[in-house]
Amino acid sequence: MDRCGKTRQKTGWWSVVGGLVVLGVAGCDSGGGSDGAGAGGTDIGNPGSLADVVSSVSDSSVWPAYDAGSGGPWVFPDGGGEPIVDVVTNSDSGGGAEDVSVTDSGPEPTDSGNWTWDGFGDIIPPVGTGCDDPPDPPFPFTEVPGFGGSEDFAFDHDGGIVYTNNGNLIRKTLDGQIDILVPNIGGTAGTSVLPNGNIVVAKGNELILVYKEGGSKPLLSGLSYPNGMDVDQDNYVYVAEQSGGRLRKVNGETGEYEIIAENLTNPNGVGFAPGYGRVYVGSFGGGKVVAIDRNSDGTWGEPWLFAQINGDATVVGPPPEPIDPPPINFQPCEGKTIGSVCVASDGIKGKCIAASGPDACEKDAEPGLPKYVACEGLANGDTCKITYWGYDHIGKCKTPGGGNFDGCCIAAAGTGCAADKACEECVCGMDAYCCQNNWDGICAGEAIEQCAASCDCSSGTGGTGIPSCSAAPDPLAFCFGLNEGDLCAYVENPEKILGGRCRNVSGLNLSAPFPKSGVACVPPEYLKPPGGGGGGGGGLDGLNVDECGNVYVTEYVLGYIWRISPDGVIYKGVKLPSSWIPNIEFGHGVGGWDIYTMYVMNLNGNSIFAIQTGFRGKEIAMPPAGTFGD
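When the letters of the sequence shown are read in order and numbered with my numbering, they come out as residues 65 to 694.
Derived by calculation from the structure, the hints in this document are not laboratory data.
All C-beta atoms, glycine included, are put in the ideal place defined by N, C-alpha and C.
All clues stand as given, with none of them false.
Using C-beta positions, here's what the derived DEER-type ranges look like: (1) F544 - P422: 14 to 24 Å; (2) E207 - W368: 34 to 44 Å; (3) S360 - N229: 40 to 50 Å; (4) E366 - Y660: 27 to 37 Å; (5) Q676 - A541: 46 to 56 Å; (6) S420 - A475: 50 to 60 Å; (7) L546 - W368: 29 to 39 Å.
DSSO-like mimics (lysine-lysine), calculated; alpha carbons at most 30 Å apart, straight line: (8) K276 - K313; (9) K267 - K236; (10) K580 - K636; (11) K267 - K281; (12) K449 - K560; (13) K400 - K427; (14) K560 - K485; (15) K449 - K400; (16) K313 - K281; (17) K449 - K485; (18) K413 - K560; (19) K560 - K415; (20) K415 - K449.
Throw the hints in and build the complete structure from the sequences for me.
Next comes the structure, spelled out in structure tokens:
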């Protein structure tokens with residue numbers, strides 16, 4: 065398409081103006097235009113009227129039907145790089161907008177007040193338009209050779225890719241031009257370009273600030289394997305510390321920081337949602353993507369589980385709906401006389417005060433905790449039983465600090481925790497890294513905090529020395545007397561009763577305490593098991609978000625690109641022919657890198673995959689083109 069006698073080229077800047085995503089181009093005055101001063105002329109950089117723009121578009125099918133009376137804004141650059149907003153109305157505003165009405169047979173915008181012009185004759189819908197009908201996977205892709213060797217990369221504002229190659233931090237354009245930004249920097253694990261054009265890279269245990277004009281300086285040291293980052297519109301870097309389990313917010317100029325989240329599982333990829341009100345963090349080895357929401361006062365809330373990905377075992381599609389458990393007919397004093405010993409719903413002993421009813425058992429005034437009562441008179445390793453709501457939970461008596469049972473509660477060299485296989489299965493079911501890579505401090509913390517039913521190590525180093533019953537629910541017992549397909553109640557603990565269905569568990573990828581065969585009560589929550597961390601040993605690595613809020617993550621080893629919709633529905637986007645695809649970036653529409661294409665580094669093949677997802681990346685903040693560089 066011709067613009068002012070020139071072939072159209074997608075170059076320019078992408079920014080946020082008044083809440084609108086705008087692509088701009090340099091002006092090309094052909095006479096009659098006034099760079100925003102008034103109506104008339106055909107200056108495509110700053111058209112005198114919307115009609116001028118429409119008349120210059122040879123393929124009018126790209127323009128939707130538009131009633132100018134519905135208002136604007138339509139966004140144009142002013143020819144000098146600064147954005148202005150011309151609101152189309154029914155009367156001549158005298159300020160660069162005319163009384164116009166443009167119609168054709170195209171579709172009517174659902175929210176014409178937020179549609180913008182991208183500078184190339186195309187209409188950009190507001191964020192969300194078309195998002196309800198995304199293209200179906202698998203996504204088509206091609207390969208761009210001549211790039212590779214870096215854990216992370218980022219597009220700069222002039223259309224180059226910044227990444228490390230042969231130990232140097234370089235900038236390389238699509239046509240092969242190379243500039244060395246920082247020589248001999250070594251390997252890096254995170255790269256981001258700030259809105260002001262400066263670059264931040266993660267190297268070793270520190271962040272390094274690289275100035276767009278040249279030169280660099282340490283920004284922040286003392287981090288625990290920073291790996292994966294994103295930036296907000298205010299020049300702050302959000303960096304994940306994989307070995308530290310943290311997400312930090314770092315000032316991109318001063319290095320001042322605050323901790324946004326802690327106790328994350330091997331955090332790696334980081335990406336903001338559109339609008340910067342939510343940040344997503346992936347986990348390398350845990351298969352988790354967590355979301356953290358920004359509060360109204362600018363602070364950040366607690367992380368919450370957004371999606372659980374388990375490679376080939378992932379349940380693709382909508383998350384299963386919870387089931388209300390059927391009522392439990394709990395009769396602790398049935399067949400007993402008043403004053404007889406009984407067990408209340410929470411497993412604590414008492415005396416019968418009535419012949420029937422779930423509350424017929426009055427607990428003792430000073431009861432002992434069920435896990436200790438169940439092991440009275442028993443030794444370390446003996447079989448024990450705790451009864452909740454009339455269901456028996458069978459386990460073993462364990463003495464913290466005695467035998468080998470505390471071995472899983474501290475970090476250790478090697479994989480897994482042979483001292484306690486039940487604890488090992490519990491931890492590795494959530495975090496495969498612990499059994500595939502190393503039983504580190506995070507694994508020990510998960511044993512203490514998440515797997516108390518399997519690992520009695522609440523103190524991490526010992527405790528009372530009194531044996532307690534480490535018991536797990538018996539999913540088979542919850543289906544005794546029921547048929548396959550019947551509703552059942554899964555009593556996880558006295559306070560948590562889940563509804564499920566009796567299912568033959570043969571072939572289901574369920575973690576402990578589910579057996580490998582038999583008919584057991586399976587709540588839908590357990591159909592998305594917490595294990596895997598990538599289904600065969602992979603881990604979630606790169607992460608990015610498109611304009612519609614879809615989250616994309618790469619999976620190490622298996623080569624999957626996963627797409628997760630904003631409501632948590634998981635899709636297998638595409639399986640790439642590579643086992644090492646560490647990071648994702650959307651093109652900026654500059655330097656030949658297409659704005660509707662998602663680019664993924666291929667460390668197995670010295671190339672970049674170009675993937676068509678149907679959407680642009682989320683909005684990003686940039687200065688106007690030409691502010692720096694060529």
